[in-house]
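If you're matching them up, the sequences are chains H and B in order. Residue 6 is where the first sequence starts when you use the working numbering, and the numbers rise one by one after that. Residue 6 is where the second sequence starts when you use the working numbering, and the numbers rise one by one after that.
Among these hints, one or two may not hold up.
Below, in silico cross-link-like pairs of lysine-lysine (DSBU-like), each with a Cα-Cα straight-line distance of 35 Å or less [what the hints assert, rightly or not]:
| no. | chain 1 | residue 1 | chain 2 | residue 2 |
| --- | --- | --- | --- | --- |
| 1 | H | Lys87 | B | Lys214 |
| 2 | B | Lys195 | H | Lys287 |
| 3 | H | Lys162 | H | Lys99 |
| 4 | H | Lys179 | H | Lys167 |
| 5 | H | Lys214 | B | Lys287 |
| 6 | B | Lys243 | H | Lys287 |
| 7 | B | Lys243 | H | Lys292 |
| 8 | B | Lys287 | H | Lys287 |
| 9 | H | Lys263 | B | Lys214 |
| 10 | B | Lys287 | H | Lys292 |
| 11 | B | Lys150 | B | Lys35 |
| 12 | H | Lys263 | B | Lys263 |
| 13 | H | Lys195 | B | Lys287 |
| 14 | B | Lys214 | H | Lys287 |
| 15 | H | Lys87 | B | Lys263 |
| 16 | B | Lys287 | H | Lys263 |
| 17 | H | Lys162 | H | Lys195 |
| 18 | B | Lys292 | H | Lys214 |
| 19 | H | Lys287 | B | Lys263 |
| 20 | B | Lys87 | H | Lys263 |
| 21 | B | Lys87 | H | Lys214 |
| 22 | H | Lys214 | B | Lys263 |
| 23 | H | Lys8 | H | Lys55 |
| 24 | B | Lys292 | H | Lys287 |
| 25 | H | Lys243 | H | Lys164 |
| 26 | H | Lys35 | H | Lys150 |
| 27 | H | Lys167 | H | Lys35 |
| 28 | H | Lys263 | H | Lys162 |
| 29 | H | Lys243 | B | Lys292 |
| 30 | H | Lys292 | B | Lys292 |
| 31 | B | Lys214 | H | Lys292 |
| 32 | B | Lys119 | B | Lys167 |
| 33 | H | Lys243 | B | Lys287 |
| 34 | B | Lys8 | B | Lys99 |
Looking from chain B toward chain H, a few residues come up when the C-beta cut is under 8 Å (computed) [to be verified]:
| no. | residue |
| --- | --- |
| 35 | Ile205 |
| 36 | Thr222 |
| 37 | Leu225 |
| 38 | Val302 |
| 39 | Leu305 |
| 40 | Leu309 |
In short, the hints are calculated from the structure, not lab data. Each residue gets a CB set at the ideal place from its N, CA and C atoms; glycine is no exception.
Protein chains: 2
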Amino acid sequence: MNKDNPKILLVGAGAVGTYFCGRLAQAGAKVSAVSRSDYDVAKDAGYDIKSIDGDFIFKPENVLRSSDEYADKPDYLVVAMKSLPELNIPEIIKGAVSPETSIVLIQNGIYIEKDIASAFPDNELISAVAFIGVTRIRPGFVEHKGAGRLEMGIYPKGKSDKLRALNELFEKAKVNCEIVDDIEEIRWRKEVWNVPFNSISVLGRADTKMIVSNPVTLELARNMMTEVCAVAEANGHKLSDSIIDDNINYTIEYPAYKTSMLVDFENGRPIEKESILGHVIKAAEDKNISVPHLESVYALLNLLDNKIVRP
Amino acid sequence: MNKDNPKILLVGAGAVGTYFCGRLAQAGAKVSAVSRSDYDVAKDAGYDIKSIDGDFIFKPENVLRSSDEYADKPDYLVVAMKSLPELNIPEIIKGAVSPETSIVLIQNGIYIEKDIASAFPDNELISAVAFIGVTRIRPGFVEHKGAGRLEMGIYPKGKSDKLRALNELFEKAKVNCEIVDDIEEIRWRKEVWNVPFNSISVLGRADTKMIVSNPVTLELARNMMTEVCAVAEANGHKLSDSIIDDNINYTIEYPAYKTSMLVDFENGRPIEKESILGHVIKAAEDKNISVPHLESVYALLNLLDNKIVRP
Numbered sequence: 006m007n008k009d010n011p012k013i014l015l016v017g018a019g020a021v022g023t024y025f026c027g028r029l030a031q032a033g034a035k036v037s038a039v040s041r042s043d044y045d046v047a048k049d050a051g052y053d054i055k056s057i058d059g060d061f062i063f064k065p066e067n068v069l070r071s072s073d074e075y076a077d078k079p080d081y082l083v084v085a086m087k088s089l090p091e092l093n094i095p096e097i098i099k100g101a102v103s104p105e106t107s108i109v110l111i112q113n114g115i116y117i118e119k120d121i122a123s124a125f126p127d128n129e130l131i132s133a134v135a136f137i138g139v140t141r142i143r144p145g146f147v148e149h150k151g152a153g154r155l156e157m158g159i160y161p162k163g164k165s166d167k168l169r170a171l172n173e174l175f176e177k178a179k180v181n182c183e184i185v186d187d188i189e190e191i192r193w194r195k196e197v198w199n200v201p202f203n204s205i206s207v208l209g210r211a212d213t214k215m216i217v218s219n220p221v222t223l224e225l226a227r228n229m230m231t232e233v234c235a236v237a238e239a240n241g242h243k244l245s246d247s248i249i250d251d252n253i254n255y256t257i258e259y260p261a262y263k264t265s266m267l268v269d270f271e272n273g274r275p276i277e278k279e280s281i282l283g284h285v286i287k288a289a290e291d292k293n294i295s296v297p298h299l300e301s302v303y304a305l306l307n308l309l310d311n312k313i314v315r316p
Numbered sequence: 006m007n008k009d010n011p012k013i014l015l016v017g018a019g020a021v022g023t024y025f026c027g028r029l030a031q032a033g034a035k036v037s038a039v040s041r042s043d044y045d046v047a048k049d050a051g052y053d054i055k056s057i058d059g060d061f062i063f064k065p066e067n068v069l070r071s072s073d074e075y076a077d078k079p080d081y082l083v084v085a086m087k088s089l090p091e092l093n094i095p096e097i098i099k100g101a102v103s104p105e106t107s108i109v110l111i112q113n114g115i116y117i118e119k120d121i122a123s124a125f126p127d128n129e130l131i132s133a134v135a136f137i138g139v140t141r142i143r144p145g146f147v148e149h150k151g152a153g154r155l156e157m158g159i160y161p162k163g164k165s166d167k168l169r170a171l172n173e174l175f176e177k178a179k180v181n182c183e184i185v186d187d188i189e190e191i192r193w194r195k196e197v198w199n200v201p202f203n204s205i206s207v208l209g210r211a212d213t214k215m216i217v218s219n220p221v222t223l224e225l226a227r228n229m230m231t232e233v234c235a236v237a238e239a240n241g242h243k244l245s246d247s248i249i250d251d252n253i254n255y256t257i258e259y260p261a262y263k264t265s266m267l268v269d270f271e272n273g274r275p276i277e278k279e280s281i282l283g284h285v286i287k288a289a290e291d292k293n294i295s296v297p298h299l300e301s302v303y304a305l306l307n308l309l310d311n312k313i314v315r316p
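Could you build the full structure based on these sequences and the hints that come with them?
If you want it as structure tokens, here you go:
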């Protein structure tokens, strides 16, 4: 691999993927992108990215309709699709995975790496958690309005030269990026916020301010957080004692925010209810932990989501 | 009181009230009605009631704008308003309550009698539970499509001559009516169905068929029923062991049905979340019973309901 100009294939060229891979391209990487919905505009003009850290155009080397069309062997294959059970990611990416490819997941949720790790046991798997407010406004146009941080590590644990090289490239692109030894713990920490606020926001059609302003709902959020922490601990990740209060206080102080799950729901798109919430409940069942609040909310989300007629 | 032609004042002339009081008028009662929304059409033409048990017109003796306008002393004052915290029923009816008036509640929920019993400690209070599918289609026009049964008893317990006289009048009107000794137990039994199906239907925008067809949601309904039964038992009403299975099997066999709470919600009207669900949670707290499924669902319903902009 050419450390300064690695070959990267982005699969899932939504807001998160185009933003981060666009930054890597700025830093010198040769990025191609698989895009279904934005193919024409991306091929023609690239992605127009309006960012609090500086606007830019991300023009991929190649825009492809599927990963099978990628003619080279990527050093990194970045998966930035939504994490949905109906998306068979190993099938979607296998056409472009070669022995030297590091697979990089930038996705939400917990236990989302397993399928990919078992489908490609000999490939390095980098798991990344993004903290960013970024939205695809229309085909080829992305708005980045908040944060922009990544934490990443080798799955299930550890570090590597290619991980460090990717980190350096992000730093060169002025993306706040951190290497962590235990990415699963980072995922659990993010789950503490994601689980209650994403799911409650959809069921209550509410932004974060409405949720924390209603004492009954705030109590539900707290109970859900407590259950998430219990499942995390039973799975080897004892989170800090203050994590619940910290998350609640942060949300109370932060301006009203519409969660990504609510935005997806309102736009008739599938919601990441399994990767964010369902996997926690499954992990709780495996360890015989009672999570009645999570179960109740999941059941309602499941009912609501299965009823939607997709466009 | 003239047993064959008692004077009745109906307060809350919605679908349930006009149907049952219309039947009493057919049997000879002199019924007046307080109506806000349907005043003009009701005064002019009465209520047009299309019923599986025979269509009829219910023309009240008088249509009033408030109970203060009732010039007589009613033998029975029938309250058939929705049971909502924002409706101060003692205030609404006090203008027409005289010492000999029996107050008759035909309302949903549990522990809905307390305020009225303490506001009118010297009046007989008849508490009734309706099992009926009846809908107000437009002002002055009501459709009765399912069941049509009443169970009623003196609150908190017992029977009386006036209760029996009312029962006879209903029977004369061919309304299936039953006198029960313990009306609170009937309310708890109805709660076993009402609590899960009403609240889940609103949060999932789903009819009963969708709820029972989704195994995860059916499990939630079962868990909620189990909690309702535990609260009932702690409050002196041990329900039959088979009540949960009976309710679930009945709902699976019955055609798809849209709950009254969902109909109210879809029409932007207030929902009876307190009388149906909130009161159970309060009763659980009083007895130190853990009801995490009920709490979760209530919190979401509370958030959703408080967000609605009423017309």
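| request: If any of the earlier hints don't hold here, list their numbers in rising order. | output: none
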